[in-house]
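A.B. asks: Since the structure of chain A is already known, use the hints to place chain B on it.
Chains as they are written, first to last, in the numbering used here: chain A, 1452 to 1864; chain B, 1452 to 1864.
For the record, the hints were derived by calculation from the structure and aren't laboratory data. Please note that the accuracy of each hint is not assured.
The list cannot tell twin chains apart, which means a pair is met if one copy fits it or any two copies do.
[As the list claims (entries may be wrong)] In silico lysine-lysine, DSS-like type, Cα no more than 25 Å apart, as pairs:
no. : residue 1 : residue 2
1   : Lys1476   : Lys1596
2   : Lys1774   : Lys1455
3   : Lys1531   : Lys1834
4   : Lys1538   : Lys1485
5   : Lys1785   : Lys1596
6   : Lys1768   : Lys1476
Number of protein chains: 2
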Amino acid sequence: MKNKLTLGLVGFGCVGTGLYEVLNKSSLLDAEIKKIVVKTRGKKRLLPEEVFSYEINDILEDEEINTVVELIDDADAAYKIVVAAFKKGKNVISANKKLIAEHLDELILLSRTNNVSFLYEASVCGSIPVIRNLEEYYNNDTLSKVEGICNGTTNYILTQTNYGKDYETALKESQELGFAESDPTLDVDGFDAKFKLLILIKHAFGITETPENIFNYGIRNIKPEDVKYASEKGYRLKLFSRAERSDNQVFGFVAPHFIAEQHPAYNVNNEFNSVVVEALFSDKQLFVGKGAGSHPTASAVLSDVSALSFDYRYEYKKEEGGKGLSFSPDFEVKVYIGSADISQINQFVFTQVDEVYQSASYNYQTGWINFSQLKGVDFNSKKDLFLALLPEDIRLISSTDNEKVSEYETALF
Amino acid sequence: MKNKLTLGLVGFGCVGTGLYEVLNKSSLLDAEIKKIVVKTRGKKRLLPEEVFSYEINDILEDEEINTVVELIDDADAAYKIVVAAFKKGKNVISANKKLIAEHLDELILLSRTNNVSFLYEASVCGSIPVIRNLEEYYNNDTLSKVEGICNGTTNYILTQTNYGKDYETALKESQELGFAESDPTLDVDGFDAKFKLLILIKHAFGITETPENIFNYGIRNIKPEDVKYASEKGYRLKLFSRAERSDNQVFGFVAPHFIAEQHPAYNVNNEFNSVVVEALFSDKQLFVGKGAGSHPTASAVLSDVSALSFDYRYEYKKEEGGKGLSFSPDFEVKVYIGSADISQINQFVFTQVDEVYQSASYNYQTGWINFSQLKGVDFNSKKDLFLALLPEDIRLISSTDNEKVSEYETALF
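Chain A extracted, bound-state conformation:
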């Protein structure tokens, strides 16, 4: 029961170009791009000028176009286009994680009201079919954890720092390779990874969080000493988007993690992404694929086009089970905090201290800390400090534990 798809493309960068090649110059899929709307006039493009339009209504008002593929960077402009497309009864395919993270429930409702499909596999982990797998394969109540490397740029940078480069050199390299933007904030401060985590949480646990309510700390402040600690302990640093469920609570955050060799994502390097899904009565499943770049994105968009031709829609099966869940109550995490300035470390209250290292040039402390304490701090702006999670499960907080823990602390200092 295949549908003929007539597409309107908004934005025409590398991804759009690739899509055009596959859809209009081959007969692989029964889908065709009828119009392409771009912003800037007179730019040199690979297709003849007459294919392009500069007026979004040329797509929106065209009744033959039943699907809008939105591939522009500007989330606010994209929002207006997507809303208008839904209202015109058109399906939407988007790769815009910021747009989706900021308006998820509203856009889902709009697509349902207008009886159209809203697909966005390309928005999370490039070509890894993680949304589709969470939707289709993992049963609601058995999913316990989704975590992984959702940002290819930071994974590239961290991999290079593991090889001995400093952060600035690695960042510059990743910019030259086209992975990082000239302003890398969204990537290196963990915002991009957070938008993706928000989408994963929706499809894994059925709940919607606001971006503001999810903690994101990136890799901007990493020092060679922190990388040295990782390698001494046999760890590799990875920026993890992590969400897990315990009973009726869901915990989710983005932060650098020291990853042990046994972890399936340990060997996922450079621009690759990976997602690990854990479910009750199931072992860990690892998905790996390229995350950054136009190729993986185009591949995921193409798979959405293909799915749409079979009338596919996300069913959000987990929403029902998500009704009783609450997001990110407090919990304890085991962390490493490193700084040349020991007073930077001492401003944090550990519920349990495991290691203290002090030297003339660098200091670090590891141990357990309440997440609520971290959440109140803008770590991305703390240049002289680096925080990362150690490979231990999070701990639920019970008041007795807290009391016990204070004793340890007193004993140590």
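C.D. replies: Using the frame of chain A, we list chain B on its own:
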């Protein structure tokens, strides 16, 4: 639109026990095991005697039971049960790759005729949702390659030989761990991996092959010298099930492969399985999960139960595109052949020789060879020889190439 599933379980080993725990002792899924049919009377089991029956008709004739979960080893007995279940209008979930590989099209037809579902995610790569992904995510005509480690036992053995153990020791260990059977033939000679490959080929390319028509060579004859070659070149040996498409031809076989460090499956060790899917306009996707053992199998069976509750059926979307395809015409592969006895190597005609190594104790030769030549040989029985593929793409055969290639050969000898 959830269906209440009432299950009849055939076979009650570790997998069955785990399923019973989840389905009958928790409310996680709206499915219940009503009857369990086992073969041997009086065996000590974890459930009270009255739950069990020794008569398959107790399941088949029970109209309330709408789904048969078949978990027995004997493929012939399983065949009769599955056929009878379909004819009674019952869905079937099976993990029996031999049964499925030997009767795939017949069973699909029967399930369609009787308007029931036939699911078997657990039959390939344990808990990795590879069938579902091939069915749902990858578009028909864009898939180019599916390959991977589909047998956990041999991957465990090969990993241990990489660590310096000899084959016999590693095999014995894997038997003690419960990975390998006391007669390990199905695993170590690549039959199990072949059954799985056949199922993968069906869901990837839409064509059905007979097991007899697929070449399978295992790891029984591996020598420390072959492992040494691998480590000198920076490779790791893996038993690969490999299928790829080029235009209207599909190539498929099971054989040991030297895997380079850049390959996504290089770091997949011990009992883990992995599948790499390549599609046009898409990067390689790697799926990793545990392959051997009751836990991964139970997890995949559970996911089929969950899918059935949503009325899920494989649609075999690729069948349409598979109509024009032909399986395993001849092609060239780059191989390594090692033996203490040089005459064993010299019986093969290489179309191109790349390396010749000779010493008092061991010899090997690498180069290109026509696959048709390999296919005619029962390598599993050739104790004094080890064959493995080198990390090069297969080459299509054109007559001019063949002529050219003979010159090389003449020049070398």
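A.B. asks: Run every hint past the structure and note whether it holds.
C.D. replies: Consistency of the hints with the structure:
1. Lys1476 x Lys1596: between (42 Å within a copy, 22 Å between copies)
2. Lys1774 x Lys1455: Close across copies (22 Å), not inside one copy (37 Å); limit 25 Å.
3. Lys1531 x Lys1834: Intra 37 Å, inter 69 Å, cutoff 25 Å: neither.
4. Lys1538 x Lys1485: Answer is within: at 20 Å inside a copy they meet the 25 Å cutoff, but 49 Å across does not.
5. Lys1785 x Lys1596: Close inside one copy (18 Å), not across copies (42 Å); limit 25 Å.
6. Lys1768 x Lys1476: Classified as between; 23 Å across copies, 37 Å inside a copy.
Violated hints amount to a single one, hint 3; each of the other numbered hints is respected by the structure.
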